[in-house]
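Take a look at the letters that make up each chain.
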Amino acid sequence: MASHGIKDRVAIVGMGCTRFAEHWDKSLDDLIIDAATETFASAGVTKEEVDAYWFGTAQSGMSGITLARPLQLEGKPVTRVENYCTTGSEALRAAAYAVASGAYDVAMAVGAEKVKDSGYQGLNAFPIPNDGTARTLTAAAMFSMVAPAYGKKYGVGEDELTEVLARISWKNHQNGARNPRAQFRKEVSTETICASPRVAGRLGVFDCAGVADGAAAAIVVRAEDALKYTDKPIYIKALSFAAGSGSGLIDPDYDYTWFPECATAAQDAYAQAGITDPRHELAMAEVHDCFTPTELVLMEDLGFAARGTAWKEVLAGTFDRTGPLPVNPDGGLKSFGHPVGASGLRMFFEAWLQLRGEATPERQIETDKKLALTHNLGGYPGEMVSFVSVVGTELG
Amino acid sequence: MTRGIVSIAGYVPYRRLQRAEVGKVFASGGGKGARSVASHDEDTTTMGVEAARRALRSAPGAAPGAVWFATATPAYLDKTNATTIHAALHQPADVAAFDFGGALRSGPGALRTALGAPGSGSTLVVVADLRDGLPTSGDESAGGDGAAAVLVGDDGPGTPVVAAYLGGASMTDEFLDRWRTVGDRRSKTWEERFGETRYVPLGTDAWQSGLKVAGVTADEIDRVVVTGMHGRAAKALGRQLGVRDGALGDDLSATVGQTGTAHAALMLASMLEQSGPGEVVAVVSLADGADVLVFRTTPAIAAWSPADPVADQVAAGADLPYGKFLTWRGMVTTEPARRPEPQRVSSSAAWRNESWKFGFVGSEDRTSGAVHLPPARVSMSGGVVDDMVPVDRSDAEATIATYTIDRLAYSPSPPIVFAILDFDGGGRFPVELTDVDPDTVEIGDRVRMTFRKLFTADGIHDYFWKATPVRHAAGDAATAG
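Sequences listed follow chains D and X, in order. Be aware that the first sequence starts at 1, since it is given in our numbering, and climbs by one per residue. Be aware that the second sequence starts at 397, since it is given in our numbering, and climbs by one per residue.
Calculated from the structure, these hints are not laboratory results. This structure is a prediction, so every number in the text was calculated from the model and none was measured. Beta carbons are placed, not taken as given, at the ideal position from N, Cα and C, and that holds for glycine. Check each hint, because a few of them may be wrong.
What the hints assert, rightly or not - Covered, in the sense of this in silico footprint (three residues per stretch, anywhere, with C-beta under 8 Å from a C-beta of chain X), are these stretches of chain D:
(1) 148-159
(2) 194-200
To be verified - Some chain X residues judged to face chain D by a derived CB distance under 7 Å, without partners named:
(3) Q739
(4) A745
(5) L769
(6) T798
(7) I801
What the hints assert, rightly or not - So these bits of chain D aren't anywhere near chain X, every CB distance computed over 10 Å:
(8) H4
(9) G64
(10) I365
Assemble the whole structure, with the sequences as input and the hints as a guide.
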C-alpha cells in the first residue's frame, strides 16, 4: 500500500476559465463551451484530438452527456465526476491518471456549475430520500463553529479573532479587485467586513464565499509530449486526495480547530512532490476559503504555519499577495464565488497564470520559486473530503 | 385486587403567553395571568411522549401492556398517533397502541376505562391537547397546551400502586355546548348560561354517585379539582362539592390554562405530586357530561419520586411574544427563510431506522466502547464489523462542546440554535437546541433530549430529537458542575 503519485509524468498544456459571476444570461452549456473553447485554443488542439474527457459538476447535470452534448463530442469516453466541492479537482485528477496510465495521450478535465438558476441564495444540496434525522444546517453554520473553538484552544480573544478573520476577507477582496475574472472586484475595508450582518454564529456576510456560475478546464498530456503543445507547460508534482469517514461529527475527540482530512492530503502531496518545507518552497497557494475561519486553520493543516500560530501570520501579512507566501492571489472563493464543479480547476488556472508569468502585471506575484499548491475541500468540519495538488514549471 | 396509578406525570411546555399581551395588540381580548404554549416543534404526540417519558422514569421496571393516546387535536387522522409514542418509549411490538380520538371527553374516558379493568395488566394512558381559538377569543386566552401520562396497573411487587382507585362515576347527556367540525380552525360554543344549567346538575350527580361507589364522603376528600372548558360551570360545581375548606385545589387556569383533553389527568398528576400517604384525591371533569374519579394514596407514594413535578414545570416557563404565538399557531404567516423547504421523510427509511429516529438509540462497539450516534455497523474505532450493542441516549444528559446560531437555514421558527453534544456515558451528536434563548447558550451548558417535530412536508410529520437546557425549578439553565 502506498501513494506513489505521478510526479513529472503528466503536464497541463492548456487551460481556460470563464469569469465567475451571476451569469443570468448564460446557460450551463454556454459556460462549458466558453471554457472549453478557450482551453482548446490554449493547448492548440481540437476536440477530436482529445482522447478522453472528465466532466465535473456537483448538481448541474448528470452523466458525461452533459458535456458531450454542448460540445458535440462524437463517441468519446466522457465521464461525469462528483465529489462534493472538490468536484473540479477530481475531474483533473482522473484525467491526469488516465494519461499517466498510458490509456490516452490527451485528456481534458472540464468543471462547470450553474448555481444561479435555483432561485435561492447559497448552495443547496440535491435532496436524497432519507429518514429525516440528518441535520439541516447551512455550511456557514457548520464552519462557524471553527472560529470559537480555535480562539478558545489558542487563547485568541473574540475581538482579536474577529480582526484576524476580517484580515483574511480583506486580503482576498484586495486580490479579487485586481482580477478581471473574479465575481467581486471591489476592495472592502475591514470596518465594512466587521459591520456586515451576521449569517451564522459570528460569521458575517463578508466571512462567506459568494455564489457564482462559472466554468474552467484543463488539457493534460504525458510530460514528454508537453513541449509539443506549449513552451511553458505546468508539470504535475502531486495529486492527493483524502475522504474522511465522517466520524468527526460523532467523535468526542474532534475539537473543530483543524481538518484532519486536509492535513492528511497535504502530507501525502508533499511526500509525492518531495516537499519538506512548504512554507518556503511554494511560490503561492490557492486554498478553499469557503469561510474565513476555513482559510485560517488551513494555513496550519497545510503546514504553512505551526499549530496555533496562523492567526499571527495572517495579521503579519505573511499570506498577502506581496507577502512571503501569497495565498489566494486570485481572490479565492471569497472573490470568485463557488461554482462547485469549476472551483478546483479555477485554482489550477491561477497557478497556471502565475507560474507562467501571465497574470496581469498589477497582480502578478514576484517570486523565483517554481511550485504552486492548490487545495480544495468539500463537506463540513468532521465530515470532509480534501484535495491537494502541487504543480511546477520544471521537471525534477 | 388493588388497581390504581403506578406512576403519573404531567408535561407543561416551556413557553408562556401573558394574556395581557393580546389586549395590547388588539385592544380587546386577553385577560389576567398566563397560558402555556407548545413550541413550534411540538404537537400533541410529542407532548404526550414527554409526559410518558416522565411517568415511566418514575416507575423503573414498569412494563405497560398497552399505550393509549387520547387527544382532541391529533397530529394525524387515520394513522395511529400512539404508535409514535410507543416507538419513542422503546416499547416492544407486542405492546398495543391505540388512539382515543376526537372529543375532549376521550381523555378522562380513556383513564376511567383503564382504571376500571382490574386484572387487565398495566396500561399507559397518555393525554394531550393544544387549545386555542381566533385572536382575542376566550378560548385563545383560557386554553393551554399540555399533556399527562398515567401508568395504570394492579398493585404488585416492583410496581406498587401509589394511588389506589376507589371508584368513579360518569353521567352522560346529549347537548351542544362546544363543538368543532373536521377542518374547522376554531371551536364554537353555545350561549354560556345554557351549558352551565346542564353541567352543574350532571356534575353534582356524578360527584354523589362517585363518592358512593368509592365509599367516601365529601368531607373525607383531601384534594379535588374540577376541570372543563366551561370555566363558569366548573367554578359553580366546585362551590357545591361540599368538601372541606382548602380541599378544592388550583386548576392552574391562571398559570397554564385549560388543557382540554389532558387537563383532568394533568390535575391528577399535580395533586398526587403534592400528596402524602393516605390522602383521598378526586378529579371531576365536565365534558359532554361529567366524570368523577376517586383515589386514596398508598404508603408507596412516600417512596415515589416524580421525575419532573408539574409545579416545577409551571415555575420554569418563559414568556413568548404574542406575535410568535400567532405565528406558531398558524394564525399569522410570516416571511419564511429563503431556502428550499425540506422534502418529505421517506417512510421506508424512517421505518428501518425506527429505534434511532424515534428512540434515540445508537450503538456501542463492544470492543472499543466507542458510541455511535446514529448506530453503525462498522466501528469508527478499530473497524470491528457487526459487533455492537444498542445504547439508549434519550435519557442521558449531555454537555455542549460547541454551538452556533444559523440565521440562514430553513426552520419553521428561525434562527436555528445548533450544538455539538457530548453525552454522559459516551457519544457525541450534533443536534438542534429548542426551548432556548439564543443569547444565553454557553459552551459547557448541560442539556437533555426532548422528542420534537422538525417539520411537516406532504402531510408527513418529521419526528426526531432535539436538546433543551437542563432547568432547575427556579427556571435557571444549569451549567456543568
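Margin query: X/I801 was flagged as interface toward chain D. Is the shortest Cβ-Cβ separation under 7 Å?
Written below: holds, 6 Å
Check: Looking at D/H4 again, its CB stays over 10 Å from all of chain X?
Finding: holds, 25 Å
Notebook entry, point to check: Regarding the hint that X/Q739 lies at the interface with chain D, is the smallest CB-CB distance below 7 Å?
Noted result: Cβ of X/Q739 sits 5 Å from chain D, so the hint holds.
Notebook entry, point to check: Under a C-beta cut-off of less than 8 Å, do 3 or more residues of the region 194-200 of chain D approach chain X closely enough to confirm the stated coverage?
Noted result: As far as the region 194-200 of chain D goes, the hint holds, because 3 residues have Cβ atoms under 8 Å from chain X.
Check: At a threshold of 7 Å, is the proposed contact between X/T798 and chain D supported by beta-carbon distances?
Finding: Hint holds; X/T798 Cβ to chain D Cβ min 5 Å, cut 7 Å.
Notebook entry, point to check: Per the CB criterion, is X/L769 less than 7 Å away from chain D?
Noted result: holds, 5 Å
Check: the region 148-159 of chain D covered by chain X? Criterion: 3 or more residues, Cβ-Cβ distance below 8 Å.
Finding: holds (count 3)
Check: D/I365: least C-beta distance to chain X exceeds 10 Å?
Finding: holds, 35 Å
Check: Does D/G64 really sit off the interface, with its C-beta more than 10 Å from all C-beta atoms of chain X?
Finding: holds, 27 Å
Notebook entry, point to check: Does the nearest C-beta of chain D fall within a distance shorter than 7 Å of the C-beta of X/A745?
Noted result: Holds, about 4 Å.
Comparing the model with each numbered hint stated earlier shows that all of them hold.
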